[in-house]
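Chemist: Below are the chains, spelled out letter by letter.
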Amino acid sequence: MNYSPDFSVVLDNWPVLARGLWVTIQIWLPSIALGLIGGFLISQARLSSRRWLSIPSLVYVELFRDTPVLIQLIWFFYAFPILIGVQLTPFTAALLGLTLNTTAYSAEIFRGGIKSIHRGQMEGAKAIGMTHAQAMRRVILPQVVKRMLPAFTNRMIEVAKMSSLASVISVHELMYQGRLLSSTYYRPFEILTAVAFIYFVLIYPGTFLAGRLEKRLARSS
Amino acid sequence: MQKPILEIKGLHKRFGDHHVLRGIDFSVAAGERIAIIGGSGSGKSTFLRCMNFMETLSEGEIWLDGKRIGTERNGQVTYPERQLCAVRERVGMVFQQFNLFPHMTVLQNVMEGLVTVKGMAREQAREIALQELDKVGLSEKVDAWPGRLSGGQQQRVAIARALSMKPEILLFDEPTSSLDPELVGEVLRVINHLAEEGRTMLLVTHELGFAYHFATKVIFLADGVFHEVGTPDEVLKNPRQARTQEFLRRFGEFAF
Ligand SMILES: Nc1ncnc2c1ncn2[C@@H]1O[C@H](COP(=O)(O)OP(=O)(O)O)[C@@H](O)[C@H]1O
Ligand SMILES: [Mg+2]
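Listed in order, the protein sequences are those of chains Z and R.
Final position of the first sequence in my numbering is 221; the numbers increase by one with none missing.
Final position of the second sequence in my numbering is 256; the numbers increase by one with none missing.
No lab work stands behind these hints, which were simulated from the structure alone.
In this text, all values refer to a predicted model and were calculated from it rather than measured experimentally.
Any given hint could be a false lead.
Derived SDA-like pairs (lysine to any residue); straight-line CA-CA distance at most 20 Å [unchecked claim]:
no.	chain 1	residue 1	chain 2	residue 2
1	R	LYS217	R	ALA195
2	R	LYS67	R	MET54
3	R	LYS166	R	ASN192
4	Z	LYS146	R	LYS217
5	Z	LYS161	Z	THR92
6	Z	LYS146	R	THR105
7	R	LYS44	Z	GLU123
8	Z	LYS215	R	PRO102
9	Z	LYS146	R	LYS166
10	R	LYS118	Z	ALA135
11	R	LYS9	R	LYS217
12	Z	LYS115	R	ALA195
13	Z	LYS146	R	ALA195
14	R	LYS118	Z	ARG138
15	R	LYS118	Z	ARG137
16	Z	LYS215	Z	ALA135
17	Z	LYS115	Z	THR92
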């Protein structure tokens, strides 16, 4: 093998990769934040004794968990617009797909977490006059978040990686820019190595901090 | 006879087809201490839990201070959450399993209702919580996590938490049943102390000896109704109903 790597192509195109990274972050963090909020709401519907809430939410969760994410993103870009009669930008379609997907997964994390907290906790809270919402906020959720932190961290990592699939519908995120540069300069080795490295640098601090936080929370009980 | 603070009229409770409470009429006057006894599964907890709406009533009415709980519209009674929360502030409850919040310290557990429900400033809530914890003999433990305490200590924290809300009525559901025998005394002493303060209390218990000294009135619950109601002497020493006699015999001699 007499291939000699030349990473100057990466340095020369650094601004392009940086722009891609910025778009990745713009898909990643909002879809996590919105997905967590949506997931909590869907989990409440899943846990509801009213069937008109619990059944649709179950269908929703299963649809998103039992189909490939790639299909979901492509579907929101090509198929969904036909239904609503409005063409979405690739970015919006990707954000929508990832948000709804994250919603489905975090709904299950919340639901499992809430169910794992003993019924007595809700009763203890209600017995001192708390509303359901106050009990959730002050008593149940803090315990759920603590218990489910590993699952949530995992989810964040998964979504960061999944966001690379948005390149397929031409969202100009990191993976897309990497592929574009690779085919422009015929230097896939250097460029894709750099892209992988950037993903690592993006994701690792989160994993590291979550690990630390988990240890600290474990000590407080 | 004093005006009742709590009145129950025609209370029924069903779990599906299981008809647990079958028509209970009852009232509680200020300062009364009522012990509820009965076999396991007879509905003692369910009855108590209906008092603060931990269970929804299948039928019947509950009146607090001459006002009916619930809102009637087109013959349908609904129980808006705000109303139930207001009732639960006034009717406190202590559980068999304590139900302390494990992610909060002892002090935070007792402050929680004051801050979150009553909207009190933290400083003032802290003050009150410290007083209540002192009353149950746990001043030393204010910064401990509940998980680090003995069962007896946890139950005393739970009592302090209920007291912090200044309830007019306190419900105890077998407060000592999940405690090791050597820890029962410390909890009963706290409850006794509350009795001396003249608080209004309902206590479900299997500690018949304690019930005898504690209660102003004893209720024997069986078949979903109040089978026998009377003074401790009447119900525990000279029961008239065969069912009550049999129940007491099974308990054998209890220490008066
Ligand atoms: N949430 C519930 N769902 C269905 N059945 C219940 C529920 N709670 C209590 N029961 C039933 O009601 C009956 C009375 O229960 P309970 O009030 O706990 O009795 P006790 O406190 O006297 O032991 C029991 O047969 C119990 O199985
Ligand atoms: Mg019981």
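Chemist: Can you name, in rising order, the numbers of the hints this structure does not satisfy?
Modeler: Hints 4, 9, 12, 13, 16 and 17 are the ones this structure does not satisfy, whereas the remaining hints hold.
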